[in-house]
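Peer 1: Protein sequences, first through last, are from chains E and W.
Here the working numbering = 1-based position in the first sequence + 115.
Here the working numbering = 1-based position in the second sequence + 13.
For the record, the hints were derived by calculation from the structure and aren't laboratory data.
Check before you lean on any hint, since a few could be wrong.
Computed list of lysine-lysine pairs in DSBU-like fashion (alpha-carbon distance at most 30 Å, straight line) [stated by the list, open to error]: (1) K238/E with K115/W; (2) K183/E with K64/W; (3) K64/W with K189/W; (4) K63/W with K102/W; (5) K295/E with K377/E; (6) K63/W with K337/E; (7) K219/W with K178/W; (8) K209/W with K178/W; (9) K219/W with K102/W; (10) K105/W with K238/E; (11) K31/W with K219/W; (12) K337/E with K178/W; (13) K31/W with K184/W; (14) K334/E with K31/W; (15) K183/E with K377/E; (16) K295/E with K355/E; (17) K64/W with K334/E; (18) K102/W with K238/E; (19) K31/W with K115/W.
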Amino acid sequence: MSKAVVDLPPKGGFSFDLCRRNEMLISKGVHPPSFRKTGTTIVGLVFKDGVILGADTRATEGPIVCDKNCEKIHYIAPNIYCCGAGTAADTEAVTDMVSSQLQLHRYHTGRESRVITALTLLKSHLFSYQGYVSAALVLGGVDITGPHLHTIYPHGSTDTLPFATMGSGSLAAMAVFESKFREGLTREEGIELVCEAICSGIFNDLGSGSNVDVCVITKGHKEYLRNHQMPNPRTYVSSKGYTFPKGLTEVLTTKITPLKEKVEVIEGNDAMEE
Amino acid sequence: MGDSQYSFSLTTFSPSGKLVQIEYALMAVGSGQTSLGIKAANGVVIATEKKLPSILVDEASVQKIQPLTTNIGVVYSGMGPDFRVLVRKSRKQAQQYFRLYKEQIPVTQLVRETAAVMQEFTQSGGVRPFGVSLLVAGFDDDGPQLYQVDPSGSYFSWKASAMGKNVSNAKTFLEKRYTDDMELDDAVHTAILTLKEGFEGQISGKNIEIGIIGTDRNFRVLTPAEIDDYLAEVE
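With the rest of the complex left out, here is chain E:
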């Protein structure tokens, strides 16, 4: 009887070899380490002259806020930016990779990058990793064919929309957009609406918080407004500082462990000499 197992050459994409082992470990009670998620509110909208992207700035590790002012709007090309929700490492790595690929493409073609190119590069990468690269993105930019706004889901599907929200605060932000969005907003109106949507996520979703970042992209020009709004300042900071005088802490028990004494080596008289 011949062996039915054939050794296949390693193909690209995700290797599922260790999945069975991981499941076995979990069943034995060994949990994988938790990763830093962005637990986010990210939004984008198309206005009269281009695209506006917005994001909050809180990064969470489970229930702990690990970064109070992180940057979620990533550079892809001079005319294309991308907001990232999901696992922070995944969004950083995937946007850096596509940004580098687009730079090479720009050198070879001598042309400005198109949003659809960034979209296709991102979605093919995410699809080949079958959703294991946990990056949910809002991609926006203005190129020769006009302003574009897309959302990309971790499994690789995309939507093209006039306004979009992603992340844990997406429902809060979408509520604002659905009631107040209209075609042909001006720059000021667009920025105000984006800020309102992000603030809605900041105040109503635990995974989002701190400040509002905004990025305005128009034909031939972009403005990255880092910390455009800071609705969560640290309200009370003691100017005198804090002192903790000795004796303030109550001593409950005392236990003294003497350190081992150093072993003295007594020089033996020519101990080694025969």
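With the hints as your guide, set chain W onto chain E.
Peer 2: Here is chain W on its own, set in the frame of chain E:
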């Protein structure tokens, strides 16, 4: 000379200790169009002749000076297609360096990696050396730099250099004209005068190409109109 018996195989040394294929590659460079580079105190300029085989060729589509990164540019003498391949490889290497170290690649590093590629092709089977010499101009934290890379893979840093058809006349001219405290604009004028020395026919913004990089660290190729302005200043 016994050398000619060893001239067909790249990977065989001749009795005189030369790799004859590389010598021949240098001859291919020597019969290419003149190109030169000058390092000024506050920048670098590289220039080349752009003689097209016929007036019917669309000269706007030919670009001999290419950017490798935002702050490094390159020009060549020799075989155009070989140059294209090297430019592509160098650009990719610069991007990979940036992805790995999140730092713009220093000029010396990029030159070293490009030279390593050129050397590979002198020691592998079934390939031939690149028939180009490159002049790499860049501006990084170490200031303005100009490097020449040969088909053998050796590279040198120059204050001013020339390659191609008119190399000996051009180098003599540069030796006389070069000063350490030259400014970028003077360097451009000197470059134009050097090209003019061996130029057949009427020199204009359409049949030479000039690339410059200054303290702004932005490499760019001058437009034909800008070259014509410089030419007018030189007259």
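Peer 1: Is the hinted pair K102/W and K238/E satisfied, with a Cα-Cα distance of at most 30 Å?
Peer 2: holds, 26 Å
Peer 1: Measure nothing beyond the straight line between the CA atoms of K295/E and K355/E; if it is 30 Å or shorter, mark the hint as holding.
Peer 2: It is violated: about 46 Å lies between the C-alpha atoms, which goes past 30 Å.
Peer 1: Mind checking the alpha carbons of K64/W and K334/E for me, to see if they're no more than 30 Å apart?
Peer 2: With Cα atoms ~37 Å apart, K64/W and K334/E exceed 30 Å; violated.
Peer 1: Compare the distance between the alpha carbons of K183/E and K64/W with 30 Å, and conclude whether the hinted pair is satisfied.
Peer 2: Measuring from Cα to Cα gives roughly 60 Å; hence the hint is violated.
Peer 1: Straight-line Cα separation of K219/W and K102/W no greater than 30 Å?
Peer 2: holds, 28 Å
Peer 1: Given the hint that K183/E pairs with K377/E, test it: the Cα-Cα distance must not exceed 30 Å.
Peer 2: Not satisfied, since the Cα-Cα distance of roughly 49 Å exceeds 30 Å.
Peer 1: Compare the distance between the alpha carbons of K295/E and K377/E with 30 Å, and conclude whether the hinted pair is satisfied.
Peer 2: With Cα atoms ~77 Å apart, K295/E and K377/E exceed 30 Å; violated.
Peer 1: Are the Cα atoms of K63/W and K337/E separated by 30 Å or less?
Peer 2: violated, 37 Å
Peer 1: Between K64/W and K189/W, is the straight-line Cα distance small enough, at 30 Å or below?
Peer 2: Since the Cα atoms of K64/W and K189/W sit roughly 26 Å apart, the hinted pair holds (cutoff 30 Å).
Peer 1: Tell me if the straight-line CA distance from K238/E to K115/W falls inside 30 Å.
Peer 2: The given pair, whose Cα atoms are some 24 Å apart, holds under the 30 Å limit.
Peer 1: Is K219/W close enough to K178/W, meaning Cα to Cα at most 30 Å?
Peer 2: Answer holds: K219/W to K178/W is near 20 Å, not above 30 Å.
Peer 1: Taking 30 Å as the top limit, are the C-alpha atoms of K209/W and K178/W close enough?
Peer 2: holds, 13 Å
Hint violations for this structure: numbers 2, 5, 6, 11, 12, 14, 15, 16, 17, 19, all remaining hints satisfied.
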